[in-house]
Amino acid sequence: MACPSWATLRVSLVAYDSHYGNTLTIKTPYSAQSSHSMPPVSLSTLRKGARGTVADVRDDAQTLGDEAQSTVSRRLLELGFIPGEAFEVIAEIWPGGDPMAVRLGNTLFALRRREAGAVLVSVEGG
Amino acid sequence: MSGPAPALDALRLALVGVPNCGKTALFNRLTGSRQKVANYAGVTVERKEGSFVGPSRGERYRLLDLPGAYSLTPTTLDEAITRDCLLGRLAGESAPERVICVVDATNLRLNLRLVLELRDLGVPMIVALNMSDLAHSRGFGLDRERLERELGVPVVETVAIRDGGERALLERLESLPTLAPRPPTEWRESSFEQIQQTQREVRRILHAAGYREPARNRSLQRVDGLVMHPIAGPLILAALLFFVFQAVFSWAAVPMELVDAGVNWLGAQLHAALPSGLLNSLLVDGVIAGAGSVLVFLPQIMILFFFILVLEDSGYLPRAAYLLDRMMGSVGLSGRAFIPLLSSFACAVPGIMATRTIPNVRDRLATIMIAPLMTCSARLPVYALIIAAFIPRQRVGAFNLQGLVLFTLYVAGIVSAMAVAYALKRTALRSTYHPLLLELPEYRWPDPRNLMLGLWERLKIFLQRVGTIILALMIVLWFLSSFPAPPDGATGPAIQYSFAGSIGRALEHVFAPIGFNWQISLALVPGLAAREVAVGALGTVYSLSATGDDVAATLVPMIAGTWSLATALSLLAWYVFAPQCLSTLVVVKRETNSWRYPLLMAGYLFALAYVAAFITYRVASAVLS
Amino acid sequence: MWQAVVVGLIVLAAAIYVAWALLPAALRLRLARHLAATARRAGGPTWLVRFADATEGSALRRLGGCSDCSAVQAAPTPPKSRDKT
Chain A
1 MACPSWATLR VSLVAYDSHY GNTLTIKTPY SAQSSHSMPP VSLSTLRKGA
51 RGTVADVRDD AQTLGDEAQS TVSRRLLELG FIPGEAFEVI AEIWPGGDPM
101 AVRLGNTLFA LRRREAGAVL VSVEGG
Chain B
127 MSGPAPALDA LRLALVGVPN CGKTALFNRL TGSRQKVANY AGVTVERKEG
177 SFVGPSRGER YRLLDLPGAY SLTPTTLDEA ITRDCLLGRL AGESAPERVI
227 CVVDATNLRL NLRLVLELRD LGVPMIVALN MSDLAHSRGF GLDRERLERE
277 LGVPVVETVA IRDGGERALL ERLESLPTLA PRPPTEWRES SFEQIQQTQR
327 EVRRILHAAG YREPARNRSL QRVDGLVMHP IAGPLILAAL LFFVFQAVFS
377 WAAVPMELVD AGVNWLGAQL HAALPSGLLN SLLVDGVIAG AGSVLVFLPQ
427 IMILFFFILV LEDSGYLPRA AYLLDRMMGS VGLSGRAFIP LLSSFACAVP
477 GIMATRTIPN VRDRLATIMI APLMTCSARL PVYALIIAAF IPRQRVGAFN
527 LQGLVLFTLY VAGIVSAMAV AYALKRTALR STYHPLLLEL PEYRWPDPRN
577 LMLGLWERLK IFLQRVGTII LALMIVLWFL SSFPAPPDGA TGPAIQYSFA
627 GSIGRALEHV FAPIGFNWQI SLALVPGLAA REVAVGALGT VYSLSATGDD
677 VAATLVPMIA GTWSLATALS LLAWYVFAPQ CLSTLVVVKR ETNSWRYPLL
727 MAGYLFALAY VAAFITYRVA SAVLS
Chain C
752 MWQAVVVGLI VLAAAIYVAW ALLPAALRLR LARHLAATAR RAGGPTWLVR
802 FADATEGSAL RRLGGCSDCS AVQAAPTPPK SRDKT
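Chains as they are written, first to last, in the working numbering: chain A, 1 to 126; chain B, 127 to 751; chain C, 752 to 836.
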């Protein structure tokens, strides 16, 4: 019931798909040009099943806690939400889809829509 | 001081790494039982230090297990401590001479950034590629030597959970030259641009070292699809918890009977062997009946801890936190609060200490205030005793009725915790929005060795508790219950004339409205030191009340015969709320640095307990008569 | 009669232990230090001195306030940093 829908063939020039059989290679940083013509959108607008690559992380100055030195955006960057990194929204809570679970590269993160708002992404597919 | 002081020339090492990289397992592997836990000076952050000896040269090392940190820019006190310790800024601690940077070989992209951050600061280090066995078996590819060249620091593979898995690390450590002590390092927060730069460098290095990730594990993905499904997920969570409580009752039934029989046998033997008199009574009514009554619940507690340890090890808990985030959010808490609250199921004390991972002060305080409501394992003997005496051992559909009632009690604890949190967050502890950003680690089969070690630790602690404070309290209680001796010609059991009897009768005035008889009222007093002691106290008190030779009468039929159901239910309601644990209050005082909060906590909990017991008792009496 | 003596000793030991365990941590530590210092100064029998030292060590360890979890098996930290807590 929760398997990603394979009905739409996800084709992309981003080299994360299994061109090479069972192994994937990490693409080199400076070839991370996506061919998507759609402008980047905020991660917070995406629903379950959406995939793509990260385009940017805005600094919205939302603090992570009372230690106050760290903001959400900084922590997102430190965790790997950098331009070119592939992501997929794999789950969300009902109703409202908040919080959401996003796979970034090989790691799963849970975050709320509000935190996700700082991340701009390019969505793949139509 | 206790224990030999470590040799002054022992090399000081520190373990650092992001959370979930297996750092603690490596620490345990290296130091074994030679560990000491304390606090960093002036703060309530746990300081774990251990020692070990190098295999070939016999050199001594001291190892500090620093709190996990994603970066040197801290978001919590834990992370601040890690940074300060590494930079040599911590009062009373000199910087470690060398740092072992533990990384998860199956998640290098996340882990390597911290390594670079530390390397660029000039911290002398050696990288431990942990879980390398998992990496190999899952098909990760990496050229370790190339990675070492690219990073410019030694890199070794470790398998923290396997015997000998630390060998390579030790050998490499010994081959490294000793270093001169460093002055405190300069550090400034990196800018966003610098972070992105470092991340690009990470990816460049990984590419150069031939890092290859295998395709994702489909079956685990499917598991997550279910576990994190918006509808199936919460159902699975509820079912899991329900199953645990059922197991606690049904699996423990036979072992408990064995322990009970053993305790009774011992009591009977002693009673027969010793000449009747004071010593006989002390040993049989005080020690055996008292401490023995608590010992009987050992199997249930072990089973509960088994499940808690399995859940902790498996990686399921952060997913549960994700599922519960909405519910927690509705009462003003973050889903992150779930993990410390779940630890509270074992004992509120580590649960309260675990709230250090909650960055927001008000959230943390709210979580601390409700932690005691999460039914701790020490309540279990009390619940189990009353359930055994009053709830018939029958099945309702596929479920065990006793397990069902226990589940209900736990749910009552959780629901009341949420209600209190809601009230607190609306009034005193209002706070602004708190973000959620949680890593959900890969599922792991719990390591049987760690599991056994954990259970063994718990067993030792429980037995120690019974053998020291509980035993001592029972002896004192016995004394208070046996003296002064009844005047000549007195009728009724001797205990009524003793100190304890008088105390009980005095307290009874306070507790009569909620249906507690004097025995219960009395048992609540030593129960303040440790909740389970109430069971032991009841055991002693009723044993001493037994007139004639029916010493063999065990507690369960005794209270089943003398208490009313309304009283039993009222006591259950009392126990859901009552702050019967001085230790919890002490820890709250330490964690919040003031007496105000523990006193407030005790106050509101007692009030809640009294009201709940009152309502239960009145309603039950009306309904049942 | 001997029964009464044995019982009395056991009860006394238990009562002292309970009082000790329930004392506030700081007070317990001070008492333990005082005890250890006195034992050493008075030059009493070695077992007494060792007992006093062990008590002090255990008082330092039990600053956790709860005997129930592994976080309490603490090492005594050096006295200078102890004074901050």
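Hints are not guaranteed to be accurate.
Label pairs and their calculated CB-CB ranges [stated by the list, open to error]:
1. V179(B) - A805(C): 19 to 29 Å
2. V749(B) - A770(C): 43 to 53 Å
3. R58(A) - R744(B): 35 to 45 Å
Think of the hints as simulated: they come from the structure by calculation, not from any bench.
C-beta atoms are modelled at their ideal positions from N, C-alpha and C, and glycine is treated no differently.
Against the structure, the hints:
no. : hint                          : result
1   : V179(B) - A805(C): 19 to 29 Å : holds, 26 Å
2   : V749(B) - A770(C): 43 to 53 Å : holds, 44 Å
3   : R58(A) - R744(B): 35 to 45 Å  : violated, 59 Å
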